[in-house]
Amino acid sequence: MTEASSSAMQHNDNDGESNPYPAHWGPTAWALLADLRQRCPLVQCLTNFVSMDMAANTLIAAGASPAMIHSLGEIPDFTPQTHALCVNVGTLSPSWVPAMKAAAELMIKLGKPWVLDPVSAGASGFRLNTCLALVGLKPTVIRGNGSEIIALSKASLGASKGVESAHGSSMDALEAAKSLAKSSGSVVAVSGAVDIVTDGNRVVGVHNGVPMMQKIAATGCAVTAFIAAFVALDPSHPLEATASALSVFGIAGELGMVLAKGPASLRVHLIDSLTALDEAALLSRVRITDM
Amino acid sequence: MTEASSSAMQHNDNDGESNPYPAHWGPTAWALLADLRQRCPLVQCLTNFVSMDMAANTLIAAGASPAMIHSLGEIPDFTPQTHALCVNVGTLSPSWVPAMKAAAELMIKLGKPWVLDPVSAGASGFRLNTCLALVGLKPTVIRGNGSEIIALSKASLGASKGVESAHGSSMDALEAAKSLAKSSGSVVAVSGAVDIVTDGNRVVGVHNGVPMMQKIAATGCAVTAFIAAFVALDPSHPLEATASALSVFGIAGELGMVLAKGPASLRVHLIDSLTALDEAALLSRVRITDM
Amino acid sequence: MTEASSSAMQHNDNDGESNPYPAHWGPTAWALLADLRQRCPLVQCLTNFVSMDMAANTLIAAGASPAMIHSLGEIPDFTPQTHALCVNVGTLSPSWVPAMKAAAELMIKLGKPWVLDPVSAGASGFRLNTCLALVGLKPTVIRGNGSEIIALSKASLGASKGVESAHGSSMDALEAAKSLAKSSGSVVAVSGAVDIVTDGNRVVGVHNGVPMMQKIAATGCAVTAFIAAFVALDPSHPLEATASALSVFGIAGELGMVLAKGPASLRVHLIDSLTALDEAALLSRVRITDM
Chain V
1 MTEASSSAMQ HNDNDGESNP YPAHWGPTAW ALLADLRQRC PLVQCLTNFV
51 SMDMAANTLI AAGASPAMIH SLGEIPDFTP QTHALCVNVG TLSPSWVPAM
101 KAAAELMIKL GKPWVLDPVS AGASGFRLNT CLALVGLKPT VIRGNGSEII
151 ALSKASLGAS KGVESAHGSS MDALEAAKSL AKSSGSVVAV SGAVDIVTDG
201 NRVVGVHNGV PMMQKIAATG CAVTAFIAAF VALDPSHPLE ATASALSVFG
251 IAGELGMVLA KGPASLRVHL IDSLTALDEA ALLSRVRITD M
Chain G
1 MTEASSSAMQ HNDNDGESNP YPAHWGPTAW ALLADLRQRC PLVQCLTNFV
51 SMDMAANTLI AAGASPAMIH SLGEIPDFTP QTHALCVNVG TLSPSWVPAM
101 KAAAELMIKL GKPWVLDPVS AGASGFRLNT CLALVGLKPT VIRGNGSEII
151 ALSKASLGAS KGVESAHGSS MDALEAAKSL AKSSGSVVAV SGAVDIVTDG
201 NRVVGVHNGV PMMQKIAATG CAVTAFIAAF VALDPSHPLE ATASALSVFG
251 IAGELGMVLA KGPASLRVHL IDSLTALDEA ALLSRVRITD M
Chain F
1 MTEASSSAMQ HNDNDGESNP YPAHWGPTAW ALLADLRQRC PLVQCLTNFV
51 SMDMAANTLI AAGASPAMIH SLGEIPDFTP QTHALCVNVG TLSPSWVPAM
101 KAAAELMIKL GKPWVLDPVS AGASGFRLNT CLALVGLKPT VIRGNGSEII
151 ALSKASLGAS KGVESAHGSS MDALEAAKSL AKSSGSVVAV SGAVDIVTDG
201 NRVVGVHNGV PMMQKIAATG CAVTAFIAAF VALDPSHPLE ATASALSVFG
251 IAGELGMVLA KGPASLRVHL IDSLTALDEA ALLSRVRITD M
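Protein sequence lines, in the order shown, are assigned to chains V, G and F.
Every letter in the first sequence is one number past the one before it in full-length UniProt numbering, and letter 284, counting from 1, is 284.
Every letter in the second sequence is one number past the one before it in full-length UniProt numbering, and letter 104, counting from 1, is 104.
Every letter in the third sequence is one number past the one before it in full-length UniProt numbering, and letter 189, counting from 1, is 189.
Isolated chain V, as found in the complex:
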């Protein structure tokens, strides 16, 4: 590969070597991030209490505008003003379910994207049934860990290890993800050592991020909100937007890891890095593969 074979290769402050991953993904991801910073999409989050701080700060760091407005009565007035919706069931209670459904239905009716994070989907019958009902409302993207995607795909309860996946690798969940994507019509993303994104046919792998990101509470929830912001920009290409969001968030973690001494300082440096991320650093680090 010559130096000029790809614009993505001209900028490489990563490790002194060219980025060996397919070159088209870098410009795709950068175009979305640059567009996000320009357009500042408004992302409504009906999300869990643990993640609200981290999700809000992630969205703002990226250039989006978060709103945690969640009451059923506000949805008809407010939701049409938004550019994307993120629904996360982490601290689910029955009183929140009607608003989640109403907001999702309204987004679909308006032709706008919405993203589902089925946290601990297999932890209880109530939770699983709520998640399955939400899947029936045609989320643009579903992002979870392997256990969650398997629970949704099989529509069955399973031993849930809290918010952590009980499955060692996101690869284990690949078949479940493809099956869920085909049955739901959603793009499905599975977080893991390698993140998987599929629309049921095409499968891409995202190789960014560092293991310590899993030691920060609500990083999964935050990246789901981040996906919503990316999908807001190009709702007709949710697979590309999802893979790009996962890669960019992972890159922010990689850059943050340079300064981090543990998970709490990584959280700080990840957000700072996401705010400052420039084209050169992004292009040199995007690692997305077709699988």
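Since the hints were made in silico from the structure, they are not lab data.
Each hint should be verified, as a subset may be incorrect.
Heads up, the list lumps identical chains together, so a pair's fine if it works in one copy or across two of them.
Taking lysine-lysine and the DSSO-like style, the derived pairs with C-alpha atoms no more than 30 Å apart in a straight line are [unchecked claim]:
#: 1; residue 1: Lys215; residue 2: Lys112
#: 2; residue 1: Lys261; residue 2: Lys215
#: 3; residue 1: Lys261; residue 2: Lys178
Given the structure of chain V, go ahead and fit chains G and F onto it with the hints provided.
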């Protein structure tokens, strides 16, 4: 101005130049902060889920004692023990409204101050009507961004850009603030590049803070809680207390910015700086003007 | 004491001097932390909104898996999968009480430990009665500040200084703690300059930690969740697990304080230090005494 013309000028570790702003505000702000550290006012916050962490840590850093007790049934027992109340509608739900109203009414009955943050007041009819009802309960101070103050002043819905102001400058909202202050009897503060504080007649501008503070989720909510702590100390001078609180919080941001590499590290250093803020640094940096 | 008299003494990177505290506690605390990292207990937290971020990150840093699942309808399915339960009444509302009681009753029925944090127990009649009812459900451990333990022991309201203790020293609450432990059958821990842990007969003091930890919101709530994770590992020795957890969390604060410039950076460095804490640092710093 000679070096000795103001005690505020004797301490100047800011930029090597004298503080050219009116000298009386520095000692006013310092006296309030010193009093806050001495008296540790108890501030009840009925606030949104996103802001609870940031608001609690801001209050503690300043020397106040936060309590997020919010149930209707606890108000008769608990609220009389507090020194100020902060009501913030960011993640409003119908079940919280009776407690917000009961707590506000009790504070007024007891002759104690309460502060309203009308987050995204124009985002829905339910939200606007709730905020207007709360304004009718005579908050000591109302603090919002330009969009929120305009929505309250005009009692009308408006395109809300999440929690961010859709209006470029707080100056745009000056007339709305004066009108709202006159009709409500509250001191009204409008956050922006320059913060405006008015009682309907007098107007002061607070020129402290750094732009990156807007990239930290819930800084607006935190500063409203911070205003409540200041107003607790001198309820009969809410304009002075509000302007001082905005200035001190902004100074903590300025000092934090020296070490910050982005919004997440600014959040850390802002809180650290607020804890450590001393008289000399404060006096050299207070920038409040009569307008 | 010779260098070889205790394995705890062989590692001393603290201050160049031997740890003069009873040597058996160090290995006890280290064994529990090592076991926690190995077994990753799942800890369900029905906790307050302010503390969720800090508690979740503390548990993850230590090696445990947090879950903030709180709905009544999920308890029969989910709670049996957990290894410990933490109930914290900080932002209590009537709708949460049935789930708190049901989860506690189920844990007792299953022979698994649960821990109560009676935040501001004396702040209202509703709160005090709820806490007393929870005490009647036989928590394995109750952890609070002096005011809270006294309120529970006397079953009386008291002037509550927010979440801070109105009592100067945890020693003041020693008699209340012993009385409460005897009447409830719970181990009772009182946070203070010296933390006290008692089962009604035996009393130990934990001398770790730094004063600035009290300036971080929800450190008390976080340490209660941390105690739950420790008690999960050895439910038949709750006094040892509780004292060890308090010591380890305090050590993380001591190590974090080396780098901290204020409470917000201490929070970051405390979590980082907890993640990285090794046997040598722990053994040299554990300061637990029989009283």
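Hints, verified against the model:
no.: 1; hint: Lys215 <-> Lys112; result: between (33 Å within a copy, 26 Å between copies)
no.: 2; hint: Lys261 <-> Lys215; result: both (12 Å within a copy, 22 Å between copies)
no.: 3; hint: Lys261 <-> Lys178; result: neither (37 Å within a copy, 41 Å between copies)
Consistency with the previously given hints fails for number 3 only.
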